[in-house]
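Protein sequences, first through last, are from chains A and B. Going left to right, the first sequence walks through residues 1 to 457 as the numbering used here numbers them. Going left to right, the second sequence walks through residues 1001 to 1612 as the numbering used here numbers them.
Don't take every hint at face value.
[Unchecked claim] Short derived list, chain B residues pointing at chain A, Cβ under 10 angstroms:
{"#": "1", "residue": "Ile1009"}
{"#": "2", "residue": "Gly1061"}
{"#": "3", "residue": "Ile1102"}
{"#": "4", "residue": "Leu1292"}
{"#": "5", "residue": "Glu1337"}
{"#": "6", "residue": "His1506"}
[To be verified] With a cut-off of at most 30 angstroms between alpha-carbon atoms, the simulated DSS-like pairs for lysine-lysine come out as follows:
{"#": "7", "chain 1": "B", "residue 1": "Lys1555", "chain 2": "A", "residue 2": "Lys399"}
{"#": "8", "chain 1": "B", "residue 1": "Lys1522", "chain 2": "A", "residue 2": "Lys456"}
{"#": "9", "chain 1": "A", "residue 1": "Lys399", "chain 2": "B", "residue 2": "Lys1468"}
{"#": "10", "chain 1": "B", "residue 1": "Lys1276", "chain 2": "A", "residue 2": "Lys363"}
{"#": "11", "chain 1": "B", "residue 1": "Lys1552", "chain 2": "A", "residue 2": "Lys399"}
{"#": "12", "chain 1": "B", "residue 1": "Lys1416", "chain 2": "A", "residue 2": "Lys158"}
{"#": "13", "chain 1": "B", "residue 1": "Lys1552", "chain 2": "A", "residue 2": "Lys448"}
{"#": "14", "chain 1": "B", "residue 1": "Lys1276", "chain 2": "A", "residue 2": "Lys292"}
{"#": "15", "chain 1": "A", "residue 1": "Lys456", "chain 2": "B", "residue 2": "Lys1547"}
{"#": "16", "chain 1": "A", "residue 1": "Lys74", "chain 2": "B", "residue 2": "Lys1107"}
{"#": "17", "chain 1": "B", "residue 1": "Lys1552", "chain 2": "A", "residue 2": "Lys353"}
{"#": "18", "chain 1": "A", "residue 1": "Lys74", "chain 2": "B", "residue 2": "Lys1468"}
{"#": "19", "chain 1": "B", "residue 1": "Lys1276", "chain 2": "A", "residue 2": "Lys448"}
{"#": "20", "chain 1": "A", "residue 1": "Lys448", "chain 2": "B", "residue 2": "Lys1474"}
{"#": "21", "chain 1": "B", "residue 1": "Lys1045", "chain 2": "A", "residue 2": "Lys264"}
{"#": "22", "chain 1": "A", "residue 1": "Lys448", "chain 2": "B", "residue 2": "Lys1522"}
{"#": "23", "chain 1": "A", "residue 1": "Lys74", "chain 2": "A", "residue 2": "Lys33"}
{"#": "24", "chain 1": "B", "residue 1": "Lys1555", "chain 2": "A", "residue 2": "Lys353"}
{"#": "25", "chain 1": "B", "residue 1": "Lys1555", "chain 2": "A", "residue 2": "Lys378"}
{"#": "26", "chain 1": "A", "residue 1": "Lys292", "chain 2": "B", "residue 2": "Lys1113"}
{"#": "27", "chain 1": "B", "residue 1": "Lys1045", "chain 2": "A", "residue 2": "Lys22"}
{"#": "28", "chain 1": "A", "residue 1": "Lys363", "chain 2": "B", "residue 2": "Lys1564"}
{"#": "29", "chain 1": "A", "residue 1": "Lys22", "chain 2": "B", "residue 2": "Lys1046"}
{"#": "30", "chain 1": "A", "residue 1": "Lys271", "chain 2": "B", "residue 2": "Lys1416"}
{"#": "31", "chain 1": "B", "residue 1": "Lys1046", "chain 2": "A", "residue 2": "Lys74"}
{"#": "32", "chain 1": "B", "residue 1": "Lys1474", "chain 2": "A", "residue 2": "Lys378"}
{"#": "33", "chain 1": "B", "residue 1": "Lys1547", "chain 2": "A", "residue 2": "Lys448"}
{"#": "34", "chain 1": "A", "residue 1": "Lys353", "chain 2": "B", "residue 2": "Lys1416"}
{"#": "35", "chain 1": "B", "residue 1": "Lys1276", "chain 2": "A", "residue 2": "Lys353"}
{"#": "36", "chain 1": "B", "residue 1": "Lys1573", "chain 2": "A", "residue 2": "Lys448"}
{"#": "37", "chain 1": "B", "residue 1": "Lys1416", "chain 2": "A", "residue 2": "Lys378"}
{"#": "38", "chain 1": "A", "residue 1": "Lys292", "chain 2": "B", "residue 2": "Lys1107"}
{"#": "39", "chain 1": "A", "residue 1": "Lys353", "chain 2": "B", "residue 2": "Lys1573"}
{"#": "40", "chain 1": "A", "residue 1": "Lys399", "chain 2": "B", "residue 2": "Lys1416"}
These are computed hints drawn from the structure, not numbers from a lab. Computed from a predicted structure; not experimentally measured. No residue lacks a Cβ here, since even glycine has one placed at the ideal position from N, Cα and C.
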Amino acid sequence: MALEYLGLADITGPLVAIDGVKNVSFEEMVDIKMDGGVRSGRVVALDGERAVVQVFAGTNGLSLSKTHSRFLGKPMEMALAPEIVGRIFNGAGQPIDGLGDVYAERFSDINGSAINPVSRSYPRNYIRTGISSIDTLITLIRGQKLPIFSGSGMSHNKLAAQIVRQAKISDEEGASFGIVFCAMGVTKDVADYFRRSFEESGALSRVTMFLNLSSDPIIERILTPRCALTAAEYLAFEQNMHILVVMTDMTSYAEALREFSSSKGEIPGRKGYPGYLYSDLASLYERAGVIKGRGGSVTQIPILTMPNDDITHPIPDLTGYITEGQIVLDRYLDQQAVYPPISVLPSLSRLMKDGIGEGYTRKDHSDVSNQLFASYAKVSDARGLASVIGEEELSPTDKRYLDFGNHFEHEFLGQGQSVERTIEESLDLGWRLLSILPREELERVDTKVLDEHYGKH
Amino acid sequence: MSNNVIHSINGPVVTVQNTSDFSMMEMVYVGNAGLIGEVISVNEKKTTIQVYENTTGLYIGEPVNGSGAPLSATLGPGIMQNIFDGIERPLGEIAEKHGAFIATGVKADPLNKTKLWDVTILAKVGDEVKGGTIIATCPETSIVTHKSMIPPTLSGVVTWAAENGKYNVTQPILKVKDDDGKEHEVCLAQKWPIRIPRPVADHKVINRPLITGQRVIDTLFPIAKGGAAAIPGGFGTGKTMTQHQLAKWCDADIIIYVGCGERGNEMTDVLEEFQKLQDPKHNCPMMERTSLIANTSNMPVAAREASIYTGVTLAEYYRDMGYDVAMMADSSSRWAEALREISGRLEEMPAEEGFPAYLPSRLAAFYERAGSVETQNGLDGSVTLIGAVSPQGSDFSEPVTQNTKRFVRCFLALDKSLAYARHYPAINWTISYSEYYEDLDPYYIENVGEDFCKLRGRMLSLLSEENKLMEIVKLIGSDVLPDSQKITLEAARVIRVGFLQQNAFHQNDTFVPLEKQLWMMKAIMHLYDKALYLIGAGVPMSAISEKGMFDKLVKAKYEIPNDKPEMFGDYMKDIDDIAAALLAAQKNSSSAAAAILSAAEPEQENTEEGAE
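Could you put the whole structure together from the sequences, leaning on the hints where they help?
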């Protein structure tokens, strides 16, 4: 039905209201035409004959009288085909690489729908990143969502690029491995950095990019991760590929959501973010996983910069409640030139317990990681004490903790950008460091395992 | 046919104008797809409905039909071993019909209508029956006997009873004539509105602990059968892990596990693991006594709000059969956020942090559904509620944690710094509490050991003393403390590492019977007493710790199997022997020292300077 409505009733921020509409459905797409061209929008509220529409490209230049709107009768969909691999799209899922439209095999609603928990298969296969701290202590599992909590100016982008470059799946083929890169509100430089590093590692032909740069409209930013994840789900569950989704920067996404929410006049929750921020973030993060009977998987690495390095800020806080762990970067380590500057104590991978050990990595893996965590936790106590009474006055055990702490940070964590370590190398290094400590301090490990490994590497 | 149509749509909230057909809290079908919704406010001008499914694609002008009844749970055999969404639709069946992704407008009966149950009819024609009377039984799983009851509000005389045999959940098995002469058919399945507590004959005194096999809970902060407990903790502190451990090992007959707005993979984990894990009491998969309600964080928010009530209604139904039921809700904060989200859509005036003003009363109403009761049919049953709380920013002063604290009597606070050091369960012993000590102490004294409560008290005071000493140690180091205080620190370390820390992945340690817990406490305190005595007799700290008894006790939890707790007796004997040897050596050396005046014994000087 090609009914066109002339004029608008109201324009507020990115929202316009159209009066007298009939036969319109919730979240239906709208084309808004004016002199300069066509803009897309989506119905966000319906009240009787008034429809409130969010305009993706913003409302600048729209006027109440000269606009024509046409309702398209369907929710926002994305064109999907195996050929989207290697293409570049804008935030609203339209190709911007000059290679023309995607010849669609099918269209999918970008909101997706929830995976039935019964149909999920519990993620168990680990992804080898070649980074000691991640492989040993915060193991990444295929089908997991593991965010990087960072701060402005730290090396999260380098780390994400290194993970993408080195990521290997333990048991099989790299052929069906793909990357979906989703940039939300990042600068052109950052987007370029990722493109270059994909190119250098030869991965570019396997990368599908969705770019919403910081100068692009914020409403489009709300759609960007949805488009990217729709593409990822399609490639994973219908084309049987193992997809790694890198999303940066979730903070810009949440801020776009806040801007949109306040323009709708919604009641704000904490720090002005809408009360549904949790549900909204969950609708993105929960799209990771493995489905029974389908070949592929979606693994997510969202990156977020914590405002003011504050982990209790609503964005990292709510993210942490949804994702299966987190990798936290630390400014102090970053300043000490430790790369990657992973702060291991607050970092965690919830799924690693079932994806490590015999048959996956190595039998002693969980012993090593538990003991490294526990011992490193004591290092800060010893350091605190040393700063008060001086290093000289410390007990011999505490001195060995200081020694262990320094080696741990500079050898185990600080492996550098070009070094790739196998899981055996990482675990052996872990034992070598633990052997700095007196044997009776290793209380997390069974006597038998200690006999086998303590001082032997 | 009604002519009520949708007037407005805003997320999960839709309104209908100018109608008086709907009643408050009535369940309605919205739109052509028949999405399930619930009436949440009614006035002359408009009726507001929250929809339990995604409203994308819904049109203004689509019909809204009432069901004439409030949102209800279907209760009957087939609940155990099943997994439902927040409004009791079976997820397994939905997956079979609609594939891996959840579609909207799905019609699915909560209980399988084709499955036949092997029913034994207990009621006879002429029997007087009232609400709760058990009329039939059938084996629901290998360990749960399902007892079908007269619906709580019905009473009268049986006019017809079916023969024993195989019936599905909708075939009538009994006819009952009520006092007004009206005949009612009773079948295996019945309905009950989820927001109304099922009636009971009487509330009873709480006097039995829920035995969980988790030392820090059973010993320090016990939960009572019929009690309510909250587990607050920031992300990564192990709330879900603790809930899983409780669901696996607690001694309730029935487990209802509600995943309310949490991760999909976690529900899959529970589902897979519970089918594999063996229930130690009955030797069958744990799933046979478990029902799961999964409303993951990306499933519709209104159904998340309902899932808690659905769960507790199922729990009450099994309680009425005379079972001890434990319900885990993970997490109640997500439920509160669902309330906030819907409240925001209704443009209600917010109270604290955007939460609606009725948050405390809703929380109170939920936790009050816990209890140890005498059921309508005279049996003893209980519902224990254990709610996880996810405080924003790990800040326990936020509204959900604070209000929950007022209505639960057991508060197991999870601590970030413990979790960072991988001390699990990360229950902080200084801010957690249980108000059930007095109710439960007689049980412990009678069934576990007379000195159980005394030992617990001593352990707690030792821990708080450690807390105080650590303040000093942080400033000046432990070397300057006198030996008696060093022993306190060492003993507290054994309690922390050897007793409070528990390894969920170690077969001897994931579940520990009360008897072994008592033995562990005994051994630890015995060592502490002996060590204090030795210090008093002049034996230096270094000589005591050199013997390695502290470290041996720390590892005893792994080395001593659960069925041989008396092996701790050997440990205690070792301690006695070592103490006697040390004492004898001390006497010798002190007489020797008297002889050679200034020279200290060489052994001591070589090893540790701290003992001077």
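Verification of the supplied hints:
no.: 1; hint: Ile1009; in the structure: holds (4 angstroms)
no.: 2; hint: Gly1061; in the structure: holds (7 angstroms)
no.: 3; hint: Ile1102; in the structure: holds (5 angstroms)
no.: 4; hint: Leu1292; in the structure: holds (8 angstroms)
no.: 5; hint: Glu1337; in the structure: holds (6 angstroms)
no.: 6; hint: His1506; in the structure: holds (9 angstroms)
no.: 7; hint: B/Lys1555 x A/Lys399; in the structure: holds (25 angstroms)
no.: 8; hint: B/Lys1522 x A/Lys456; in the structure: violated (37 angstroms)
no.: 9; hint: A/Lys399 x B/Lys1468; in the structure: holds (24 angstroms)
no.: 10; hint: B/Lys1276 x A/Lys363; in the structure: holds (22 angstroms)
no.: 11; hint: B/Lys1552 x A/Lys399; in the structure: holds (24 angstroms)
no.: 12; hint: B/Lys1416 x A/Lys158; in the structure: holds (28 angstroms)
no.: 13; hint: B/Lys1552 x A/Lys448; in the structure: holds (14 angstroms)
no.: 14; hint: B/Lys1276 x A/Lys292; in the structure: holds (17 angstroms)
no.: 15; hint: A/Lys456 x B/Lys1547; in the structure: holds (25 angstroms)
no.: 16; hint: A/Lys74 x B/Lys1107; in the structure: holds (23 angstroms)
no.: 17; hint: B/Lys1552 x A/Lys353; in the structure: holds (27 angstroms)
no.: 18; hint: A/Lys74 x B/Lys1468; in the structure: violated (66 angstroms)
no.: 19; hint: B/Lys1276 x A/Lys448; in the structure: holds (28 angstroms)
no.: 20; hint: A/Lys448 x B/Lys1474; in the structure: violated (34 angstroms)
no.: 21; hint: B/Lys1045 x A/Lys264; in the structure: holds (24 angstroms)
no.: 22; hint: A/Lys448 x B/Lys1522; in the structure: holds (27 angstroms)
no.: 23; hint: A/Lys74 x A/Lys33; in the structure: holds (18 angstroms)
no.: 24; hint: B/Lys1555 x A/Lys353; in the structure: holds (22 angstroms)
no.: 25; hint: B/Lys1555 x A/Lys378; in the structure: holds (19 angstroms)
no.: 26; hint: A/Lys292 x B/Lys1113; in the structure: holds (26 angstroms)
no.: 27; hint: B/Lys1045 x A/Lys22; in the structure: holds (21 angstroms)
no.: 28; hint: A/Lys363 x B/Lys1564; in the structure: holds (28 angstroms)
no.: 29; hint: A/Lys22 x B/Lys1046; in the structure: holds (20 angstroms)
no.: 30; hint: A/Lys271 x B/Lys1416; in the structure: holds (23 angstroms)
no.: 31; hint: B/Lys1046 x A/Lys74; in the structure: holds (28 angstroms)
no.: 32; hint: B/Lys1474 x A/Lys378; in the structure: holds (12 angstroms)
no.: 33; hint: B/Lys1547 x A/Lys448; in the structure: holds (20 angstroms)
no.: 34; hint: A/Lys353 x B/Lys1416; in the structure: holds (19 angstroms)
no.: 35; hint: B/Lys1276 x A/Lys353; in the structure: holds (16 angstroms)
no.: 36; hint: B/Lys1573 x A/Lys448; in the structure: holds (25 angstroms)
no.: 37; hint: B/Lys1416 x A/Lys378; in the structure: holds (15 angstroms)
no.: 38; hint: A/Lys292 x B/Lys1107; in the structure: holds (23 angstroms)
no.: 39; hint: A/Lys353 x B/Lys1573; in the structure: violated (38 angstroms)
no.: 40; hint: A/Lys399 x B/Lys1416; in the structure: holds (26 angstroms)
Consistency note: the structure conflicts with the earlier hints numbered 8, 18, 20, 39.
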